[in-house]
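Trainee: Sequence:
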Amino acid sequence: MPEHPILEAIRGRETETVPVAPLITLPHASRIAGIHTYEYVLDPGKYAEAQLHARRFYGYDWVFAHQIFQGLTSEERRGVEDRGDHFILRLELGTTFKLPKKGAPHIAERALKDKEDLASLEIPDMFHAERMRPIQLMKEAEEGAVFGNIRCPFTFASTFLYEPEDFYIALKKDEDFARELVEAAYEYCLQSGQAQIEAGVDAMFMEDPSASPDVVSPETFRSLAMPYVKRLISEFRKKVPVVFHVCGDTGSIIEDMMATGADCLSLDQCMDMAPVHERIPVWGNVEPRKLVSEGPEEIRRLSQRIVDLGRGVVLSSGCVVPPIAKPENIKEMVKTGHGD
Numbered sequence: 022m023p024e025h026p027i028l029e030a031i032r033g034r035e036t037e038t039v040p041v042a043p044l045i046t047l048p049h050a051s052r053i054a055g056i057h058t059y060e061y062v063l064d065p066g067k068y069a070e071a072q073l074h075a076r077r078f079y080g081y082d083w084v085f086a087h088q089i090f091q092g093l094t095s096e097e098r099r100g101v102e103d104r105g106d107h108f109i110l111r112l113e114l115g116t117t118f119k120l121p122k123k124g125a126p127h128i129a130e131r132a133l134k135d136k137e138d139l140a141s142l143e144i145p146d147m148f149h150a151e152r153m154r155p156i157q158l159m160k161e162a163e164e165g166a167v168f169g170n171i172r173c174p175f176t177f178a179s180t181f182l183y184e185p186e187d188f189y190i191a192l193k194k195d196e197d198f199a200r201e202l203v204e205a206a207y208e209y210c211l212q213s214g215q216a217q218i219e220a221g222v223d224a225m226f227m228e229d230p231s232a233s234p235d236v237v238s239p240e241t242f243r244s245l246a247m248p249y250v251k252r253l254i255s256e257f258r259k260k261v262p263v264v265f266h267v268c269g270d271t272g273s274i275i276e277d278m279m280a281t282g283a284d285c286l287s288l289d290q291c292m293d294m295a296p297v298h299e300r301i302p303v304w305g306n307v308e309p310r311k312l313v314s315e316g317p318e319e320i321r322r323l324s325q326r327i328v329d330l331g332r333g334v335v336l337s338s339g340c341v342v343p344p345i346a347k348p349e350n351i352k353e354m355v356k357t358g359h360g361d
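22 is the number of the first residue of the sequence shown in my numbering; add one for each residue after it.
Keep in mind that a hint or two might mislead.
For each label pair, taking beta carbons as the anchor points, the in silico distance ranges come out as [claimed, not checked]: (1) D235 x E204: 22 to 28 Å; (2) D146 x S244: 30 to 36 Å; (3) A150 x S314: 30 to 36 Å; (4) G55 x D293: 19 to 25 Å; (5) E60 x E130: 18 to 24 Å.
No lab work stands behind these hints: they were computed from the structure. Every residue, glycine too, gets a C-beta built ideally from N, C-alpha and C.
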């Protein structure tokens, strides 16, 4: 049986049309599906169905299992606290989320409060059937290639495990501790990715926004982010292809990104995809805010420039699609990629 076209494209193979895969996550998917954002997080069925609904509504070529912890265990759901205008969700890992009844979820507390907590950090069982239930539901629908998601160790350490400000201070004053944090994050990411692959994902979308040159130096990327990315990609590519994304202007690390072993690079809207495409398959990179501010004619023009690159291209947004992106603009992206 031939592979899904999007899997062919990220491997640099010829496809009849250009696959389209906008980065639609919780904010836009929940809006299109007509559910509350907290339901999307707390109910694995609604999370899976919202992603499937968005794919059906727009007709694009993937299903994005993007939620970092995928599904919740029964114990985590039992521990949810209703505090009137919001819910509190505590993950087994230790990270706590605030889920407003109106508005976007956000992290309220990181897993580690201070340096000493690292010694007692325990990685939860990522292979738990309930944890992988959303992926199972997406696969059972048989509606396109299902991509898993990994926030790479540098980003995971500086967002889920430790306060970002304190992490960046540690980079300057206690690099050994920062490296220990990233190493712990690597173990979580490895187990999460392996569990997602075992659950049936067709490919992996890995992202490392905190390691962007807009945030840290290229030297920091090379010493504290890239080695762990390479290790993960080496493991995951034994079973599935991998797309790797770093936000912002990645010109100073683009050679390093190619050296990670990824099959395909996802590029932010500020990047010129053409020269990178000469070396490796590319994914991107319509500017997300233009999906809000512009009309279909301009979106078609921007999309066509990417489509014209030819083989080894996936048409996508440069970053996450905003909740208020105009549906007609996303539909225009799909039409352009599919040659309609």
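Trainee: Hints first: check each against the structure and report whether it holds.
Mentor: Taking the hints in turn, this is what the structure says about them:
1. D235 x E204: 22 to 28 Å: 24 Å, holds
2. D146 x S244: 30 to 36 Å: 31 Å, holds
3. A150 x S314: 30 to 36 Å: 43 Å, violated
4. G55 x D293: 19 to 25 Å: Hint violated: Cβ distance 38 Å, outside 19 to 25 Å.
5. E60 x E130: 18 to 24 Å: The hint (18 to 24 Å, Cβ to Cβ) holds, given that E60 and E130 are roughly 22 Å apart.
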